[in-house]
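The hints should help you fit chain V onto chain A, whose structure is shown.
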Amino acid sequence: MNNLIYPKLALTNIKKNSKNYVPYILTCIGTVIMYYIMYSMSINQGLDQMSGGNDLKMILNLGNYVIALFSVIFLFYTNSFLIKQRKKEFGLFNILGMEKRHLSKIVMYETLYVALVSLILGLLGGILLNKLMFLMLLKILNFEVPMGFFISIKAIIATLILFGIIFILTLLNTMRQIHLAKPIELLKGGQTGEREPKTKWVYVGIGLLCLGGGYYIAITTKEPLAALSYFFLAVILVIIGTYCLFTAISIAFLKFLRKNKGYYYKTKHFISVSGMIYRMKQNAVGLANICVLSTMVLVIVSTTISLYIGMEDVLRNRYPRDIIVNTGTFLEEDGDQIRKIIDDTLEKHQLTGKNRIDLEVISFVAKQKGNVFSTGQMTDSSLTGFTGLYFIPLEDYNRNTGKEEILEENEILLFTQDRTLKGNEIIILDETFTVKDRLKNFIDGFDKVDVVNNQYIVVKNMSVVDEIRIKVGDVYGEEMANPTTYIGFDLDASDEEIIAVHNEMRDIIKKDYPDCFFDAAAVSKESFYSVYGGLFFLGIFLGILFMMATILIIYYKQISEGYEDKERFAIMKKVGLSHDEVKKIIHSQVLTVFFLPLITAVIHIAFAFQVITKLLTIFNLTNVMLFALCTCGTILVFACFYGIIYTMTAKEYYMIVK
Amino acid sequence: MAILEVNNLKKVYTTRFGGNHVQALSNVSFSVEEGEYVAIMGESGSGKTTLLNILAALDKPTGGEVTLNGDNLSGIKEKNISAFRRNNLGFVFQDFNLLDTFSLQDNIFLPLVLSGKSYDEMSFKLKPIAKKLGIHDILSKFPYEVSGGQKQRAAVARALITEPSLILADEPTGALDSHATDQLLQLFNDINNDGQTILMVTHSTKAASHAKRVLFIKDGEVFHQLYRGTMTKEELYQKISDTLTLIATGGVRNE
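Those protein sequences? They're chains A and V, same order as listed.
According to our numbering, the first sequence is numbered sequentially starting from 943.
According to our numbering, the second sequence is numbered sequentially starting from 774.
Honestly, the hints are just simulated from the structure, not real lab data.
Possibly wrong hints are sitting among the right ones.
Claimed, not checked - Partner residues aside, some chain A positions facing chain V, computed with beta carbon under 7 Å:
no., residue
1, Lys-1203
2, Tyr-1205
3, Tyr-1207
4, His-1211
5, Arg-1510
6, Ile-1513
7, Val-1517
8, Gly-1518
9, Ser-1520
Computed from a prediction, not measured in an experiment: that's the story for all the values here.
Backbone N, C-alpha and C fix where the C-beta goes; we use that ideal spot for every residue, glycine too.
Chain A with its partners taken away, still in its complex shape (with noise of 0.2 Å):
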């Protein structure tokens, strides 16, 4: 036998099945090219350079991970999807007399065609678009490299293992498929399962009990520290809640709306709801998929959006004035001594500190019951009743904000963040203290929202304080409870003269003040946005994907849909349906199997939302505003898209129903 047949008729094969191959073959072309520039990137000399580098290739080499760990998963899911299609074909050329092993070949020729121009077209895009996009990470750390045009040797082997892998793993699963089937189940392949769905009770009780789970969790987690070590918890209970959701609870509700008698029985409602139930069977795991990637994207995007957009506001919150420096003594002279060489620096450079914060303060982490404080060891099983407690004394806090509170003997000003501290008496390591005014706001520049609550209380005078630092000595060691003085002030320079003050000021003091701490939001800015900027490329990075996946899962959808429904409308036609009817009961049906995951997705958000703001106040972001907004853009763009695709779908599908 000739042995060109079989490379002939892979050819063919592949050219016969364009509409779901052309489709996976630039799906495999896209993710050839995200991988082999995520892995470039992540191995260039380039960032070595910059400050942060080493962070945003982590962040970067992340990246590599999740692109690689995807790509597995998405590339076998379609392609047991293009399997499913093609059975009655294998079926087909089975009864004219192929062997299996024979079909098996072409199987590997037509893998081969795809291997083969998936990984030219994808390491040529990919070395063509990773310039742009090194290029494009660049504007974003705000960093400049002079950069030429390179290839990356490293970055191609590792793209070519990873996806021959994938090739191989993909092409063993067509193989086993081919081996399991009867010729008559191969030709029967595409019309199996048409029995209506049961109700899964169970998975109806345990979707129920996941989604109501994470939900709540999701809106009661409070504080930040526990969203972090909650928020897993939430996400796996939600995508369980939501497989459930979209398998189980979908049917059972739509066989209650069958009950209905006087709803089904009407014509808008009959053909949806029944044909609903059958859709539901089939493409629930499929719709499923959809909602929990469109989450992702969404929640992924809006996150480092947010995060870089927000970068100013980080910087600020983390730090509040453009030097701070944080004593580790508490001697008078001392604290005079650094005060003087400060002046004396900013005076030699002609500038003068503005919004000047100075004060003594002590602090410590207290265990925390209701309105009683005492001290205890914080533990990672139980990151929560943890709260940090600020003493300063009244004389600085007038000073610093230009008041004139006066306290007695055991009173005190209250500044709690969550506002959960209530009563108008609280007791500190067995002392008791009277609140005589809880204040709206602290010391600006000092009250910075941070992972666990704080408590900012003013005392009458340093011998308050003295006494609060002996006792907390006595149970964490002196050195915990040494207090220091915090100062800090903006400057009206540019951020190299801010690096050129702190980094000379610091130098004098640490001479003879080795505990000293400094803190300047310029030194930093080079590695926060390489930090920031990093997430914010990869969110998009990954966004792009992800949706990349969205669109091929549906697209496949709408075609396979289309097919089984073309003899379902040609019925419905026949028995005295019009076309416009026909129309619009598509229409509908395909609109609701469309926007139901994204609908579901932004619900997912919307309860998510609050446990996200917390845990982005890890990362210093507490612009609440700034996240809303970048969520509701991000979902907006997204639907955008989504409509889009709904479009184009819709006419293929109209095409084949038609």
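Frame of chain A, contents of chain V only:
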């Protein structure tokens, strides 16, 4: 009174680029009286299906006209045609054309639901029909759960429930075994005896022998027709058989 009148019906198919003309029907005329049971016979390619499609208003004739209850089919507006079909015609197909997403009952209800009837009215109408067709105890089943004969009876019920003036049957016995075929043909005779007008297209001599009148179509024209008169089924069967032989061997018209 004639329910259906077909005058000088002509249908020419033109290939997509207008090159070839295929004459499916050249000149067909006949009429069907109320309460009649007419079988139309012809070989594959004789134009049976084209004729049926035109009668069902699924296709438009190139020339001539079809009137049903005095309404000219080609005069009905496009948007009303589905409602017209739903209200005046009942269909029985060779491959049943039941929707597998519906139970048998819902399949039967389909045309009524489309006309916006209430559930109570529909189930009131269904009861006597289901009883007569012997499907009352399988109504809640789905098409894939029942036999071919049962499916076809459900399809007949769907055709009857709208109380149409005319039932159009396209090879209704084509996919049935002999037992189910006998049952179905008996059923057709029963509903015809109740006054239902039936027009059946078939190439089964046995099916045709149950009708009151048999039309033969050849090359797009009515070639011959037979009336049962006082003949038994067996006699009519013999007559049809002879006629078919004559057509097949190319005999000349003997009328």
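| request: Hint by hint, work out which the structure violates, then give me just those numbers in ascending order. | output: Violated hints (numbers, rising): 2 and 4; every other hint is consistent with the structure.
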